[in-house]
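Q: Build out the structure end to end from the sequences listed, making use of the hints.
Sequence positions in the sequence shown follow the numbering used here and run 138 to 414.
Keep in mind that the hints were calculated from the coordinates and are not lab data. All residues carry an ideal CB built from backbone N, CA and C; glycine is no exception. Take these hints with a grain of salt, some might be off.
What the hints assert, rightly or not - Restraint ranges, calculated between C-beta atoms of paired labels, are given here:
(1) Pro186 - Arg353: 42 to 48 Å
(2) Lys197 - Pro382: 54 to 60 Å
(3) Ser349 - Ala180: 56 to 62 Å
Claimed, not checked - When the alpha-carbon atoms are kept at most 20 Å apart in a straight line, the in silico EDC-like pairs for lysine to aspartate or glutamate are as follows:
(4) Lys238 - Asp297
(5) Lys306 - Glu325
(6) Lys240 - Asp297
(7) Lys238 - Glu195
(8) Lys240 - Glu195
(9) Lys268 - Asp316
(10) Lys240 - Glu307
(11) Lys312 - Glu260
(12) Lys312 - Asp297
(13) Lys238 - Asp221
(14) Lys240 - Asp220
(15) Lys240 - Glu211
(16) Lys268 - Asp376
(17) Lys230 - Asp220
(18) Lys312 - Asp220
(19) Lys238 - Glu191
(20) Lys197 - Asp241
(21) Lys230 - Glu242
(22) Lys338 - Asp316
(23) Lys197 - Asp221
(24) Lys268 - Glu329
(25) Lys238 - Asp220
(26) Lys312 - Glu242
(27) Lys306 - Asp221
(28) Lys338 - Glu325
(29) Lys268 - Asp220
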Amino acid sequence: MPQAKAASTRRSSKSSTSSGSSPQRAAPKPSPAAPGPDDAPAAASPWAPVSHRERQREAKRNAVLQAAAQLFNERGFHATSLDDIAARLNVTKPTLYYYVKNKDEILLQCVRQGLDMMLEGIEASRAAGGKAIDQLMTCMQVYARIVTMDFGMCLIRVGDEQVPPESRKELRRLKSAIDQEFRRLVAEGVAEGSIQPCDPKITAFVIAGALSWIGRWYQPGGEYTAEQVAQQCIATLCDGVLRRPARAAVSEVVPAPAAQRKVGGAKAKSPARSGKT
Numbered sequence: 138m139p140q141a142k143a144a145s146t147r148r149s150s151k152s153s154t155s156s157g158s159s160p161q162r163a164a165p166k167p168s169p170a171a172p173g174p175d176d177a178p179a180a181a182s183p184w185a186p187v188s189h190r191e192r193q194r195e196a197k198r199n200a201v202l203q204a205a206a207q208l209f210n211e212r213g214f215h216a217t218s219l220d221d222i223a224a225r226l227n228v229t230k231p232t233l234y235y236y237v238k239n240k241d242e243i244l245l246q247c248v249r250q251g252l253d254m255m256l257e258g259i260e261a262s263r264a265a266g267g268k269a270i271d272q273l274m275t276c277m278q279v280y281a282r283i284v285t286m287d288f289g290m291c292l293i294r295v296g297d298e299q300v301p302p303e304s305r306k307e308l309r310r311l312k313s314a315i316d317q318e319f320r321r322l323v324a325e326g327v328a329e330g331s332i333q334p335c336d337p338k339i340t341a342f343v344i345a346g347a348l349s350w351i352g353r354w355y356q357p358g359g360e361y362t363a364e365q366v367a368q369q370c371i372a373t374l375c376d377g378v379l380r381r382p383a384r385a386a387v388s389e390v391v392p393a394p395a396a397q398r399k400v401g402g403a404k405a406k407s408p409a410r411s412g413k414t
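A: This is the structure:
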């Protein structure tokens, strides 16, 4: 049939055109799939990173110790309660237990802080080197400065006798290390000739005892700054309180009375008095 043949011819020509020299049409791109639950952005955590939380906890724990040391210095250990410490920090008493176990532990840590500060300062002066007298002066300055601070003052005013017995031995060992360092420097100063001969043990006791007492009577905001107090106390310890004029200048500074002077080997006579008054 002619019509059927023509239709077949048109279909064949169309097919040939589609697969022949004419360029192929690009296949349509698939439409993007709808986002699933795994593709959603991660939710922001309201908690800080672990390292940041640890730093915050340590800072808050130090604030507890600082406030406690101040109150112990002001009122005494036994007259200070955990409620007092919490009130100064504007927190509740149960909050404190997240950072410390009890008041005894707080005192132990306060005293240890003061001792550690002193030992670190003394060790730094030793590492700096120099003559024994220079190291001794630096140690004295460190000691005097720290006993005017909260933890150092707590170490002096409260004392280790109020620390739990199991910790007392360790604290006294640390105190002994400070004493031994003073003794060593005094002995070396005597050997090098910068310190007059003395008993290093007694001299170390005198130095530490005098400087420790600053922590009992010093009041921040008073007439003298902590630095001025340290300088004056150290100067008194090193120079003494007696004035010692040079021997060669004694005769010039304090001349002999006229009646005691000799003229040609004989005492000078006092001029005769006239009858006038």
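Q: Determine for every hint whether it applies to the structure shown.
A: Going down the list of hints, with the structure as the test:
A C-beta distance of roughly 44 Å is found between Pro186 and Arg353, which places it inside the suggested range of 42 to 48 Å. For Lys197 paired with Pro382, a C-beta distance near 59 Å keeps the hint of 54 to 60 Å intact. For the hinted restraint 56 to 62 Å between Ser349 and Ala180, the CB-CB distance of approximately 57 Å keeps it satisfied. Distance restraint check for Lys238 and Asp297: the Cα-Cα separation of roughly 19 Å lies within the 20 Å cut-off, and the hinted pair is therefore satisfied.
Taking the CA atoms of Lys306 and Glu325, the gap is near 29 Å; set against the 20 Å cutoff, the hint is violated. This hinted pair checks out: Lys240 and Asp297 have alpha carbons roughly 14 Å apart, not beyond 20 Å. A C-alpha spacing of about 15 Å is found between Lys238 and Glu195, which places the hinted pair at or below 20 Å, so the restraint holds. Our distance criterion of 20 Å between C-alpha atoms is met by Lys240 and Glu195, whose separation comes to about 18 Å.
Distance restraint check for Lys268 and Asp316: the Cα-Cα separation of roughly 19 Å lies within the 20 Å cut-off, and the hinted pair is therefore satisfied. Only pairs whose Cα atoms come within 20 Å are accepted, and Lys240 paired with Glu307 is accepted, the gap being roughly 18 Å. Pair hint Lys312 plus Glu260 holds up; C-alpha atoms about 14 Å apart against a cutoff of 20 Å. A C-alpha spacing of about 10 Å is found between Lys312 and Asp297, which places the hinted pair at or below 20 Å, so the restraint holds.
A distance of roughly 16 Å separates the Cα atoms of Lys238 and Asp221; the hinted pair therefore holds under the 20 Å criterion. The straight-line distance between the Cα atoms of Lys240 and Asp220 is roughly 11 Å, inside the 20 Å bound, and the hint therefore holds. Straight-line distance between C-alpha atoms of Lys240 and Glu211 comes to about 16 Å, which keeps the hinted pair within the 20 Å bound. Of the supplied pair hints, the one linking Lys268 and Asp376 holds, its CA atoms being roughly 18 Å apart against a limit of 20 Å.
Between Lys230 and Asp220, the direct Cα distance comes to roughly 6 Å. Compliance with the 20 Å bound is thereby established for this hinted pair. Annotation: proposed proximity of Lys312 to Asp220 is violated, straight-line Cα distance about 31 Å (limit 20 Å). Using a Cα cut-off of 20 Å, the hinted pair Lys238 and Glu191 holds, with the two alpha carbons roughly 18 Å apart. The suggested pairing of Lys197 with Asp241 holds, with an alpha-carbon distance near 18 Å, which does not exceed 20 Å.
With a C-alpha separation of about 15 Å, the suggested pair Lys230 and Glu242 falls inside the 20 Å cut-off, and the hint holds. A hinted pair counts as satisfied when its Cα atoms are at most 20 Å apart, and Lys338 with Asp316 qualifies at roughly 8 Å. Among the hinted pairs, Lys197 with Asp221 is consistent with the structure: their alpha-carbon atoms are about 16 Å apart, no more than 20 Å. This hinted pair checks out: Lys268 and Glu329 have alpha carbons roughly 8 Å apart, not beyond 20 Å.
Taking the CA atoms of Lys238 and Asp220, the gap is near 14 Å; set against the 20 Å cutoff, the hint holds. About 19 Å separates the Cα atoms of Lys312 and Glu242, which keeps this hinted pair within 20 Å; it holds. A distance of roughly 29 Å separates the Cα atoms of Lys306 and Asp221; the hinted pair therefore is violated under the 20 Å criterion. With a C-alpha separation of about 12 Å, the suggested pair Lys338 and Glu325 falls inside the 20 Å cut-off, and the hint holds.
Only pairs whose Cα atoms come within 20 Å are accepted, and Lys268 paired with Asp220 is rejected, the gap being roughly 50 Å.
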